[in-house]
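Chain by chain, the residues:
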Amino acid sequence: MRRFLSLGLLCLVLLSTAMTAQAQSDPSTPDDQAALALLSALDVNSYRDKGEAITAILQSDDERARDWLQALLDGRLQRADDGRFVLVLDNRGRDWPVADALTKESLGDMSRRDLDRIGINNALRNQLRSAIAVVDLYSPNVERRRSSADRLLGEVDGELAETLEPVIAEAEDDHVRMRLTQAVAIYRAEQGEMAGVEALTGSLHPRARVALGRAANSDDPIVADAAAAALAGIEQQLKINRGLETLYFGLSLGSVLVLAAIGLAITFGVMGVINMAHGELMMLGAYTTWMMQQLLPGQPGLALILSIPAGFMVAALVGIAIERGVIQFLKGRPLETLLATFGISLILQQLVRTVISPLNRTVVTPEWMSGSLVINDALSLTLNRMYVLGFALVVFAGLMLIMRRTRLGLEVRAVTQNRAMARSMGIRATRVDIMTFALGSGVAGLAGVALSQLTNVGPNLGQNYIIDSFMVVVFGGVGNLWGTLVAGLSLGIINQVLEPWAGAVLAKIIVLVFIILFIQKRPRGLFPQKGRAAEG
Amino acid sequence: MTTLQRKTHPRTLSRFATALIAAAVMGASAQAVAQEDDPIKVGILHSLSGTMAISESTLKDTVEMLIEQQNEAGGLLGRQLEAVVVDPASNWPLFAERARELLAQEEVDVIFGNWTSVSRKAVLPVVEELNGLLFYPVQYEGEESSENVFYTGAAPNQQAIPAVEYLINEVGIERFALIGTDYVYPRTTNRILEAFLKDEHGVAEEDIMVNYTPFGHSDWQNIVSEIRRFGEEGKPTAVISTINGDANVPFYRELANQGIDAADIPVIAFSVGEQELSGIDTAPLVGHLAAWNYFMSVDTDANYDFIDAWIEHTGDEEAVTNDPMEAHYIGFNMWAEAVRKAGTTDVDAVKDAIIGVTVPNLSGGYAAMMPNHHITKPVLIGEVQDNGQFDIVWQTPSTVAGDAWSDYLPGSRDLIADWRKPMECGNFNVVNGSCGGSTAAEEAEAALAE
Amino acid sequence: MSLLQSLKARDRVFEFMAPEASPVDVRHGPILYMEDVTVSFDGFKAINNLNLTIDDGELRCIIGPNGAGKTTMMDIITGKTRPTEGSVWFGSRHNLLHMNEPEIASLGIGRKFQKPTVFEALSVFENLELAMAADKRIFPTLTARMTGEIKDRIDDVLETIGLTALRFQPAGILSHGQKQWLEIGMLLMQRPRLLLVDEPVAGMTEQEMERTAELLTGLAGKQSVVVVEHDMGFVRSIARKVTVLHQGSVLAEGSMDQVSNDPKVVEVYLGSDEEESA
Amino acid sequence: MMTQATSSQFWLTRPFGERATQTFLGVLFAALLLVTVLHLAVPQGHPLHVNAYTVNLFGKYLSYALLAVAVDLVWGYLGILSLGHGAFFAIGGYAMGMYLMRQIGERGTYGHPVLPDFMVFLNWESLPWYWHGFDMAWFAFAMVLLAPGLLALVFGFLAFRSRVTGVYLSIITQALTFALMLAFFRNEMGFGGNNGLTDFRELLGFNLRSDATRLGLFIATGVALALGYILCRAIVTSKLGRVCVATRDAEARTRFIGYRVERFQLFVFVVSAMLAGLAGALYVPQVGIINPSEFSPLFSIEIVLWVALGGRATLYGAVIGAILVNYAKTIFTGIMPDAWLFALGALFVLVTVLLPKGVAGLLSHLKRRKEDDHLPKEAAV
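For the protein sequence lines, the chains are B, L, G and H, in the order given. Counting in the numbering used here, the first sequence runs from 1 upward without gaps. Counting in the numbering used here, the second sequence runs from 1001 upward without gaps. Counting in the numbering used here, the third sequence runs from 2001 upward without gaps. Counting in the numbering used here, the fourth sequence runs from 3001 upward without gaps.
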């Protein structure tokens, strides 16, 4: 890899001169023969030769070089049967729109059969990235400069270190300067130079740690000790970060459990209905998201946001259908509702299988939800889960408001306390039942929308969560939303804390057994409903 | 209450009796007797409902397609082929029951079926007892060779071993995380790989990380961050994934979100094919690897024809093909060839005839049926592309013959399988020259003596 | 028939209900002591340091407005509810706070609920059979046989509660009054030392009430009976000693006339009662 | 009537006094005999011949029927809706499976005299302690009853003592079987993980791959079902049975008349678990494999459906339900796989909503209508 970089350097100088040249005179396009030759060199089988060809392209002062390399990196640089090199603009389906690699003019659609892509492997991918990074170091675009600076960590060799010094000096962007300094420091530390070690003290970047590790067993005792000390400090830092990370994992798993369970907490806790189809209502929410993304191709973000209300509506409507169609006939027979709704869950699953497909569906994660929020080099929090966590809390708060502050909430509580009394006070109990169940189901739909960002969107989505959600509700105390929240989050954290040493399976088992025993001790959960109401 | 019941009993029970008898009669009358001019019956034993339907239903369609094509080409021995489809519903005991139904009741001439190892294990005794033919199209853990089963999927030495060699020689990986779902295929494969890495490449204990997760595991945060730390020690690291089915989507999502790039820590998967990818947004996964014996992106006309036929058969422009489908393609043609060769569909005749039969595969080469009932396959390494396809970056210079018994497991090191006369043995022990079992027996006696 | 005869007859009728020897020690008179008992459901004191003693063989009526804590008191005695403070003794030997419902029941405390609860799926006969005092551990119950003697006892009680005709009907179909009777019958089968009877005559006709009154008064003497009742007429007809509960503690105690003249009582209970009736 | 039925005789032989049991046993043995004759006497190919496959199928149904009876005992008479009976069934099955594995001996693919194949290729040094003794039939068969019984005892003791009932109990029984499923999936557990136990050879010296043995197993299962039925019948017709019903309908009241309800619940729960275990043990050699999927909550709920369909609190209803549903399953998954789950799901809904007393209830209802019988309806159960 270093080899490519040094070579990259040479071209870099050329490039910069080329740029300055362009500044004065009109761009002198080198004849396409040369370009064609450069590209043809790529169309070989051996990856080593391809490596050479890439270097050649770098060294050429052709300003299309970067585009070619990028296309090569993306696997969009291909050769048509007639020998022309083309850039594939969209490689989905069987016929692809392409453009000429040299002239950039569109050549319409071409069949896969007539195209040979110029394959690369991870080694070349690395080479290309580094090369592009070096080029980008001089790019006017600050983002490119930053990413290239990040890229160079641990990739610096003596030669490059020299050239970087002035770049650091001139770099006006702090991030770029910081990264490049680190990059050089890493190189120096690996060389066993004190300066490097000092510069790296407290840096949490893994490359820095590796470098210090090497420095720690350098023959110079002073350097070695300094490195060892630095490492010790870093290890401390890492421990803390690891703890925070586990906590975050726990919370995020917990938030999923809460989302899945909170709807049950309403239908089960408030109405006393054991809705085994709850999981399938979540599944419907997830499929709504998928549907939305199909309807709005190209803007997954918008689709996702729209599918929040949509998912709620769909699930709520199905919920109402279930309530009217089945549950209303099973008043006060919770065990029967369990069986009936279980049947419904089977039907819904099979419905999805036959109507849509037994295969999982692709739900795209929008840009702003993918990747992670970097706290420091050792701790970064995945964005999608952070959004889900936030979403869960918002949903919870919303439900609390509805239950505490609205007319519906009041009526719901009245009906659950004493049906007959509520009736006589003119509350339409049936209507309340419908609303409650619709609400619970709708929330399940919301959970589904969130889950579509974390896991499979397939017919079995629901089954994987139903038991866990019941556990959460029972553990938290039936009919108590706070209980559900606390139970969900704490179970999530317990699980994630156990996992590293117990393993995923055992952790899950331990949690289940723990809940079973807990229910024996406190049959009504963490926050039991008090008074006579609970007796019923 | 009791009084009521007593009153109603006689009638109720007599109905119950009639029901039972009716059942008996139906069961009995259901069985047909095969005549010579009847169509040749091809049993298809793939789950069409339940959790495995995702993977298996396409295989059922594949076999049906192959049968159609065969019939259009005039059938076999002048007889038409007829598919007999049953649904074992992803339920292992039901697999055994259905297999029995196919063989005892429907009296099919051959069965194409099964995906999971457990379903194969469940069916095995039935097929052996009733002397049927089973073509098993999925890559599996090996350690088995039955007289009545033909393994057209990859054995570990046709997938795992070459893949690891690619990682070591071409990518220069020095550190391996073996991540798998907790069932027999990953367990065995990983044990083989561990032994292989240590013995053949001197990889140190601490450079190998092994982790197992339950089926459909959906929360990968911890494990992925473990992998990340494992890879931060300065040595080039790769993940060898034997994660099964549904668990893959959340796994790859988590990888992408925790920013593990294929260029830093490539993941090479043995159970992720085009079909699994069709459920994932592959853009963040570009460059991750998979090892198979076939990829949809294979650039041969045979393959393009197969794909076109498949898309036509399913009527779905987006339909993808994958490795087990090719395995059925090969298996079916081998069986057809063997039937022609034997001039009959009689199981014993076909069993003898099929050994040595060679048919073209879809990647431009040929597959031959070995005496151990495994076949020769090329091994391809593909990199995930952003269009859900694999780009083939490496392949074995020649085809590799499937190995029923791994050379890296103490129990089976000295076992071989050869179903030709005179040996006709699935677990022949080359050390004590007897059929049946390894030297493990003696070892165990020694162990007990202690 | 003449009153005398009927009285005689009644004695004969009720002979079979002579309580079995129960371990309870009543040498010191009272069969039930409740001392400074307090129960609170999250803050609300349903029973507020209640003191009550029932003598052996006494018939005691307990009255009081709704929410006075009558039912809660019974819950405490039968072990359904545990008091927050205080002590409850059955005789001078058994601390009821250390026992669960079945133990208390087998000690000889029988209870009839406000809302009659019988085993609806079982026949009247079976209801009585289950209630019958017997060895109620698992295997004896499993191997229990229906002897003639047991049948006679059940028949006698059926006779008493006038359900002989319906003996093999599921209890579920009985009228409200009949259920009341069946439940009393179950009490009789238990042969308890202490009967707790919660609103026995709710939903009964005049005649039924009369029979109930006779029954309860007939029981008194052999067994101690505690009756909680709203119906003043009924209470007057049977009461020897009356306790008035108010807000979870004893407001007044004494003969019917004493309490009904007690100004406090008149104010909180009878007073309001008269207003209602007025 | 009632008094005659329970008139003074030994409790276990009481059921023979009832026509219910007489008829049931009559039909059952008639069916056994019929199938046996049709299988042995009628020649191959004759339309009335019952082939080994069908015999095997019925054998499976009968073991399911026994399982259903066990569930009906706790659900129908005790009101405990157990969503975990699959666990007891599976444990019984595993006990039997372990015995059968040990019987394979050196005939395993690796020819190891002691270790089952899966242990050999997962490189186990020696047999885990809990596998010892299973080479002895008596021990294994004892375990078939004791292992599930013990689990039920511990679980039930905890649950009933703290008065966990109704929905809560249902949910934690579900959690129980779910946890067990995960546990048995783990290969470290030493029960063969996902593959479970398979490739059985012989049972008590009989070759499991011969039709004769299969017929024998079929008959044995039939007999076991008869015995289980009699036992349950004896329990429910005894005074104890009436205490159960009393508990089901008014638990508190039962306490107030002096019964230690939790002990009765525990007793019946354990008996039921043992029957379930027995059913599992008879099931395994007939289907030739036992693996953790038998623990799946879905299966346990399905059992409940059989009972619900047949009719709760009748015992014979459970048998009808189990056989009907599974026969339907065999037919459906054969002819129209996709429709099966729809049918099953619809069954759940219709049965619970439209005929809460199941087929048995329906039949007796029709009967009542026909005879224009004025007897009142049975109390809702």
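Think of the hints as simulated: they come from the structure by calculation, not from any bench. A couple of the hints might just be wrong.
Stated by the list, open to error - Quick look at which bits of chain B chain H covers, simulated, 3 or more residues with Cβ under 8 Å:
#	stretch
1	81-87
2	164-178
3	512-520
As the list claims (entries may be wrong) - Partial selection, computed: residues in chain B whose CB lies under 10 Å from chain L:
#	residue
4	R209
5	A211
6	R413
From the three backbone atoms N, C-alpha and C, an ideal C-beta is built for every residue, glycine too.
Now the hints, each set against the structure:
Evaluation of the coverage hint for the stretch 81-87 of chain B: breached, as 0 residues show C-beta separations to chain H shorter than 8 Å, against a requirement of three. A count of 0 residues in the stretch 164-178 of chain B with a Cβ less than 8 Å from any Cβ of chain H is obtained; the coverage claim is therefore unmet, three being the minimum. Restraint check on the stretch 512-520 of chain B versus chain H: 7 residues with Cβ-Cβ distances below 8 Å, three needed, restraint holds. The interface hint given for B:R209 is met, as the beta carbon of that residue sits about 7 Å from the closest beta carbon of chain L, less than 10 Å.
Taking 10 Å as the C-beta cut-off, the interface hint given for B:A211 holds, the closest approach to chain L being about 9 Å. The beta carbon of B:R413 is not positioned within 10 Å of any beta carbon in chain L (closest approach about 35 Å), and the interface hint is therefore violated.
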